[in-house]
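Peer 1: Spelled out, the chains give:
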Amino acid sequence: MPVENPSRELILERIRAGLRTPVAPHPGPRSDAVIFEPIRNPLERFQQESTANLMECTLTSDLAGAALQLGKILDSLPAGEIFLQDDPSLRRLIELTKTQRPLRWSSEGAPREASEATVSLAEALIAQTGSVLVTAECGGRGASIVAPCHIVYAHAAQLVPDLETALGNLFRSGKLVRNSFACVISGSSRTADIEKILVQGAHGPRRLAVILQTGR
Amino acid sequence: MSETSAQEFLRKAAVKSADLVHRDIIRQGIESYDAAHLRGRLRFRDWDAARQKCREIKQEAINHLDKYLLQFEEKVRARGGHVFWAANAQEACQYVTDIARRLGVRTVVKSKSMVTEEIHLSPALEKLDIKVWETDLGEFIVQLRNEPPYHIVTPAMHLNRAQIADLFHEKLGERIPGNDPTKLVALARRRLRQSFFSAEMGISGANFIVADSGVIAISTNEGNGRLCTSVPRIHVVVTGIEKVLPRLEDLAVFWPVLATSGTGQAITTYSTLIGGPRQAGEADGPDEFHVVLVDNGRSRLLADAEQREVLHCIRCGACLNTCPVYRSVGGHTYGTTYQGPIGSVLTPHLAGLRQYQHLSYASSLCGACTSVCPVKIDLHHHLLHNRRNAVNSRGSKLGERMMFRLWRSTMLHPRIFVFLSSAGRRLLRLLYRMGLAGSIVDPMRAWNRYRSPVPLPAESFRSRWRKGLAG
Ligand code: SF4
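Protein chains in written order, with my numbering: chain U, 1 to 216; chain A, 1 to 471.
Rather than coming from a laboratory, the hints here were simulated on the basis of the structure. Be aware that one or more of the hints could be misleading.
To be verified - Stretch by stretch, here's where chain U covers chain A in the computed footprint (C-beta under 8 Å, at least three residues): (1) 54-68; (2) 103-113; (3) 160-170; (4) 224-231; (5) 240-246.
The beta carbon of each residue, even a glycine, is placed where N, CA and C say it ideally should be.
Full structure from sequences and hints, please.
Peer 2: Shown next, in the form of structure tokens:
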């Protein structure tokens with residue numbers, strides 16, 4: 001429903017009028033210096049940073065190893081439904097775990113509030129900050145926030161060295177034109193609002209586990 | 001006669017700076033921030049280059065603000081989102097309350113947003129009998145206390161766990177044994193979870209709005225911002241027009257810089273980008289997405305070329321944490337939405353120079369704020385600019401003018417200077433001897449009231465100089 005917005009032109013006009021007076025350039029040096037240390041070994045850096053972010057990162061060499069790992073994580077969780085991104089690779093993976101739990105796929109809608117865990121893919125893994133980049137295509141918005149445990153199945157080939165590369169790729173791929181949501185996730189949900197003491201599992205997952213497959 | 005803002009500031013400052021419990025809580029909080037901030041800066045190869053880069057990007061954004069806002073608007077509209085431009089607080093609140101009324105909203109979940117505090121959005125919604133839940137833990141705590149946020153990043157920084165446990169006991173009816181922070185967080189989580197899943201509307205702010213991609217960026221650690229923007233069927237973003245960044249890739253430096261300056265983290269846990277309602281084929285997300293771009297005095301500040309850079313602020317809170325005045329008087333003393341150095345610079349522009357000019361004097365001009373600001377805003381000089389503007393606009397008081405005239409002629413006439421300084425020393429010595437230091441008749445009362453009296457030298461600098469400063 002279009003809403004009348006008379007202030008739009010007014011604000012734009014005020015901005016334009018204000019900008020007619022230019023500002024003097026800042027005397028500081030131009031920032032051509034290197035800001036972050038270059039990343040030489042993305043896998044090693046990702047492991048270090050994700051550990052510092054209190055994530056779990058397990059390397060596996062193949063699909064069978066990944067399924068074994070996923071099965072172990074699921075076994076450690078209380079009984080309940082698992083929500084999964086509807087993707088052929090995850091259908092194959094969950095089949096291999098032979099789990100008896102009720103499953104809900106993202107093609108059926110949002111995760112239920114009582115889901116015990118969610119399983120999704122990622123768009124990229126970012127070594128610099130030990131982060132997982134997801135978009136709405138990775139099972140939707142709720143897939144990485146609603147359940148107390150979020151499990152990400154990723155391949156080593158998805159590793160990028162830094163945020164700049166990840167964001168540059170995201171922009172160039174046009175994914176943000178098609179997706180209404182993306183998120184760089186760097187650990188489990190947390191707060192330090194009480195006396196700056198770190199507590200995990202504020203509103204989102206207490207646990208973020210990455211199963212990182214190095215082989216095909 | 002009711003108290004002016006300046007009188008209120010002085011009264012509250014006097015109480016707070018003598019409150020030792022408060023001082024202890026703030027000292028501990030800021031010490032732990034300082035250590036994390038220092039460690040965080042060491043993660044950069046060149047922290048100063050990062051600050052410079054941020055400054056340049058913000059300068060480019062602000063100096064082409066019209067172009068970038070229009071670019072952002074076009075991209076959001078292309079995804080089916082709505083963009084509303086609000087000239088002032090009233091228009092912004094009206095727009096949001098109209099949506100709430102039209103769609104029959106009963107419950108709203110909010111993630112932390114200083115702009116919504118600035119425009120007083122929650123009271124406007126509550127007038128319609130809508131229940132508003134603050135979902136950031138710190139905000140939730142101050143909401144239960146019926147208080148405004150104490151700090152722009154850590155709203156409940158002034159409370160210790162025992163006070164929070166007492167509050168939860170009183171308001172939520174549950175006593176947490178041992179005031180355990182983990183259990184306190186779990187209690188808040190349980191309570192707020194019901195609200196996330198029953199609310200029809202989620203309201204968030206935006207840390208950045210990205211022009212080339214038409215997305216807003218929100219940084220949260222708790223994930224409350226994620227739930228507010230994922231579960232309810234309406235998502236409303238309320239943000240200032242100055243939050244623009246030109247390119248998505250700019251976040252590669254802004255995200256780490258904001259996190260480092262805000263909390264000392266390498267990056268905030270959830271660095272989220274949202275550009276519209278749920279798209280075809282997406283599993284979830286709101287059906288409606290609205291962005292309210294709030295001016296409310298910002299375009300006026302933009303027109304002031306000397307102070308335009310104040311719009312570069314990314315609200316990291318670093319200048320508050322480092323400010324010796326903020327550390328002593330605390331956030332609530334300011335009586336403003338934005339506290340500390342940035343609040344003292346910004347508030348006179350947003351809420352009126354006449355009422356808030358005193359804040360420019362709540363500073364020792366030590367420059368600590370400027371030295372930490374990640375976008376290199378020359379904060380302490382802007383405090384001076386505000387002082388000058390205040391004097392130019394209201395003129396000075398007669399007493400003040402007379403004192404300055406006296407000071408001027410004293411400085412220009414060495415004999416008068418010698419006479420007055422020697423008379424002053426004698427007078428003070430006499431008062432001290434009579435035990436009147438810090439009393440109402442002591443000209444040094446402002447200092448001597450709370451401290452041991454300033455020691456008086458036996459002879460003046462002048463006479464020592466004549467003797468060759470010997471001895
Ligand atoms: S003025 Fe600078 S230091 Fe202060 S909140 Fe804004 S960006 Fe941070």
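Peer 1: Give a verdict on every hint.
Peer 2: Results for each hint:
Judged by the Cβ-Cβ criterion of 8 Å, the region 54-68 of chain A is covered by chain U as claimed, because 7 of its residues qualify and three suffice. Here the region 103-113 of chain A counts 0 residues with a CB under 8 Å from a CB of chain U, which misses the bar of 3, and the coverage is violated. Only when three residues or more bring their CB closer than 8 Å to a CB of chain U does the claim for the region 160-170 of chain A stand; here the count is 3, and the claim holds. As drawn, the region 224-231 of chain A meets chain U at 6 residues by the rule of a beta-carbon pair under 8 Å; at three or more, the given contact holds.
Taking a C-beta to C-beta cut-off of 8 Å, the region 240-246 of chain A contributes 1 residues in contact with chain U, too few for the three needed, and the coverage statement is violated.
Of the hints listed earlier, those the structure fails to meet are numbers 2, 5, in rising order.
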